[in-house]
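One letter stands for each residue in the lines below.
There are 2 protein chains.
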Amino acid sequence: MELWYTEKHTNSVNFSLKVKEHLFSGQSEFQKLDVLDTYEYGKLMTLDGLVMVTEKDEFVYHDMIVHVPMAVNPNIKKVLVIGGGDGGTVRELMRYEHIEHVDMVEIDKLVCDAAKEFFPTISCELENPRVNLLYEDGVKFVEDSKDNTYDLIIIDSTDPIGPGEGLFTTAFYKNCFRILKEDGILVNQNESVFYHDTKEAALKANSKLRKIFPIVKVYQACIPTYPSGYWLFGFASKKYDPVKDLNAEKWNSLNIKTKYYNTDLHVGSFALPNFVKEFFENGTI
Amino acid sequence: MELWYTEKHTNSVNFSLKVKEHLFSGQSEFQKLDVLDTYEYGKLMTLDGLVMVTEKDEFVYHDMIVHVPMAVNPNIKKVLVIGGGDGGTVRELMRYEHIEHVDMVEIDKLVCDAAKEFFPTISCELENPRVNLLYEDGVKFVEDSKDNTYDLIIIDSTDPIGPGEGLFTTAFYKNCFRILKEDGILVNQNESVFYHDTKEAALKANSKLRKIFPIVKVYQACIPTYPSGYWLFGFASKKYDPVKDLNAEKWNSLNIKTKYYNTDLHVGSFALPNFVKEFFENGTI
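Going down the list, the protein sequences come from chains A and B. The numbers in full-length UniProt numbering rise by one with no breaks, and the one at position 186 of the first sequence is 186. The numbers in full-length UniProt numbering rise by one with no breaks, and the one at position 88 of the second sequence is 88.
It is worth saying that the hints were derived from the structure and are not from the lab. Honestly, I wouldn't trust all of these hints.
Stretch-level coverage of chain B by chain A, calculated; a stretch enters the list once three of its residues show a Cβ under 8 Å from a Cβ in chain A [unchecked claim]:
#1 14-27
#2 257-264
Distance ranges between label pairs, derived from CB positions [claimed, not checked]:
#3 A:A248 x B:A248: 18 to 26 Å
#4 A:G42 x B:K146: 47 to 55 Å
#5 B:G162 x A:G42: 29 to 37 Å
#6 B:C124 x A:C124: 51 to 59 Å
#7 B:C124 x A:D264: 34 to 42 Å
Just so you know, even glycine gets a beta-carbon here, dropped at the ideal spot from N, CA and C.
Use the sequences and the hints to build the structure in full.
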C-alpha cells in the first residue's frame with residue numbers, strides 16, 4: 001500500500017508527498033492537527049490539512065522570521081511571539097544571549113504538545129526559563145498588554161482562515177503598534193503572490209500595516225512546501241529600516257551559525273521582483 | 001471528467017496541475033513533447049513528461065537567464081544560445097538593440113514548431129532577422145566553432161538526462177570557453193539543491209565549470225513549477241564578476257521593462273543561503 005498526503009495549493013494545483021506513517025491525528029477546539037512522517041520532508045505537521053512545518057525545510061522559515069529583525073536592532077531584549085506553537089521561532093530567538101524575555105502566546109496547546117512529542121529538534125527551547133509560554137488568544141493578549149512593552153513582535157501565524165484570522169486585522173496591528181517600544185519592530189508571515197488566495201491575503205495584511213507603521217517592507221524566501229515555494233514576510237517598524245539599518249558587522253560578531261540566513265541574503269531578501277513590488281505598490285482589493 | 005497532469009519531482013513528491021485540454025502530443029527522434037492547457041499556469045510544454053515552460057511563470061526563468069549577463073557586460077553583441085527552443089531566451093535577447101547577432105542551436109525542431117504554434121507570446125522573436133536558428137546538436141556546434149567568437153553563451157537546456165546530457169560535460173564546457181571572447185560569459189540553467197537528483201546535477205555542472213573558468217558563481221530564482229520552486233543558474237566568466245562588475249546605471253538607462261528582473265534583485269540573486277554556499281564549496285560527488 002502507498003500512502004500519499006495531498007495539499008491543494010489551489011483548486012487546480014496539488015502538492016503530494018509520499019507518507020511513511022501517519023503518526024498522529026487530533027482535534028482541538030480550534031483545529032485539526034496531523035503529524036505525518038514523509039520520505040522527502042521528514043516529519044511534518046498539518047493544521048486543518050495544510051502543511052505548517054516540516055523537518056526538512058523549517059530552517060528557512062524560522063531563520064527568516066527571526067534573524068532578519070534581530071540583525072536590524074541588536075538591542076532587542078523583550079519579544080512577543082504570537083502563534084509559533086511548533087517552537088521553531090523561539091528556538092532561534094534563544095540563540096541570542098541578550099534576549100531577556102519572550103512571551104509566547106499560542107492559542108492551541110495541542111500544537112505545542114504535538115511539537116514536543118514529535119518534533120524535538122524544533123520544540124527544544126519551549127521550556128527555556130527565558131520563555132513564558134501562554135496558551136491564550138493572541139488578539140486578546142495584545143489588547144490587554146501595556147503600552148511600550150516589547151522591542152519585537154513576531155506573528156508566526158497560520159493563514160487568515162480559522163484561528164489565525166484575528167491576527168490579520170487592523171485592530172490587532174494597532175494594538176501591536178501600541179505595545180511596541182518607540183523603536184519596535186513587527187515581523188509577520190505575509191503569505192505569497194503567485195496564487196489568488198494567498199495573494200489577496202498578502203496584500204490585505206500589507207495594506208493594513210502600512211496605515212499604522214511608518215516603515216513597512218516585504219521580504220522573500222524560498223520554502224518548498226508552501227504554495228508556489230515563494231513566500232513573503234512583512235517587516236513593519238517604527239524607526240529602523242530593514243536594509244539601511246542592518247547591523248551586519250554586529251550580527252556577524254555574534255557568531256550565530258545559521259543554515260539559511262546570512263547578512264548578504266538579508267539585503268537580497270528585500271530586493272523583490274518587479275511584479276511583486278508593483279503588486280504591493282499598485283494592487284488594490 | 002477531471003484531467004490532471006502530474007510531474008514526479010522526486011519518487012516521493014508529486015506536483016499536479018488540473019488540465020483544461022491536452023492540446024498536443026508528439027514524438028521527435030529525441031524526446032516526447034506534450035502541450036497542456038492548465039487552469040493555474042496557462043499553457044505548458046513538457047519534454048519527456050517534465051515541465052519545461054509555462055505561460056504563467058516563464059518570465060522568471062527567461063529574465064534571469066538573459067538579463068543577468070546582459071547587465072554585467074553592456075557591450076555584448078554576439079550571442080550563442082544552446083537549446084532554448086521555446087524562444088523565451090531569444091525574445092529577451094532581442095530587447096537589446098545593441099545585440100547584433102544570435103546563433104540559436106536547438107537540437108529538436110519539434111520544440112520550436114510547437115512553441116510557434118502554441119506559445120506565440122514566448123516564441124515571438126524566433127523569426128527575427130538578427131536570429132540565426134539552427135536545428136543542430138549543440139555539442140557538435142561548439143566543437144566546430146572558431147575560437148574567440150562569442151561575447152555570451154547561454155545554455156538553456158533540459159536536465160542532464162536524454163538530449164541535454166552532452167551539455168553538462170567538461171568537453172562541452174571547454175569548447176564554450178574556447179569559442180568565447182576574452183571577456184566572454186557563459187550562463188547555464190544549473191538545476192537545484194533541495195532534491196537529490198537535481199542537487200547532484202547542480203554540483204557536477206558547477207564543479208566542471210570551476211575547473212575551466214576563472215570566475216564561477218551560482219545565482220537563484222523562485223520558479224514555482226520547477227522541482228522545489230527554488231532554481232539555480234550558473235554564471236561562468238573569463239573576466240567579469242557578476243556582482244562587482246554589474247553596470248546597474250547603464251542597464252537601467254536602457255529602460256527595458258521586466259516583470260521579474262531588476263538590478264537590486266540581480267545582486268540579491270547571488271546572495272545564496274548558507275546551506276547552498278556550503279554545498280557548492282564543500283560538496284563532493
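Evaluation of the provided hints:
1. 14-27: Per the Cβ count (5), the hint holds.
2. 257-264: It holds: at least three residues are needed, and the segment 257-264 of chain B offers 6 whose Cβ sits within less than 8 Å of chain A.
3. A:A248 x B:A248: 18 to 26 Å: holds (21 Å)
4. A:G42 x B:K146: 47 to 55 Å: Given range 47 to 55 Å: holds, Cβ gap about 52 Å.
5. B:G162 x A:G42: 29 to 37 Å: holds (31 Å)
6. B:C124 x A:C124: 51 to 59 Å: holds (54 Å)
7. B:C124 x A:D264: 34 to 42 Å: holds (37 Å)
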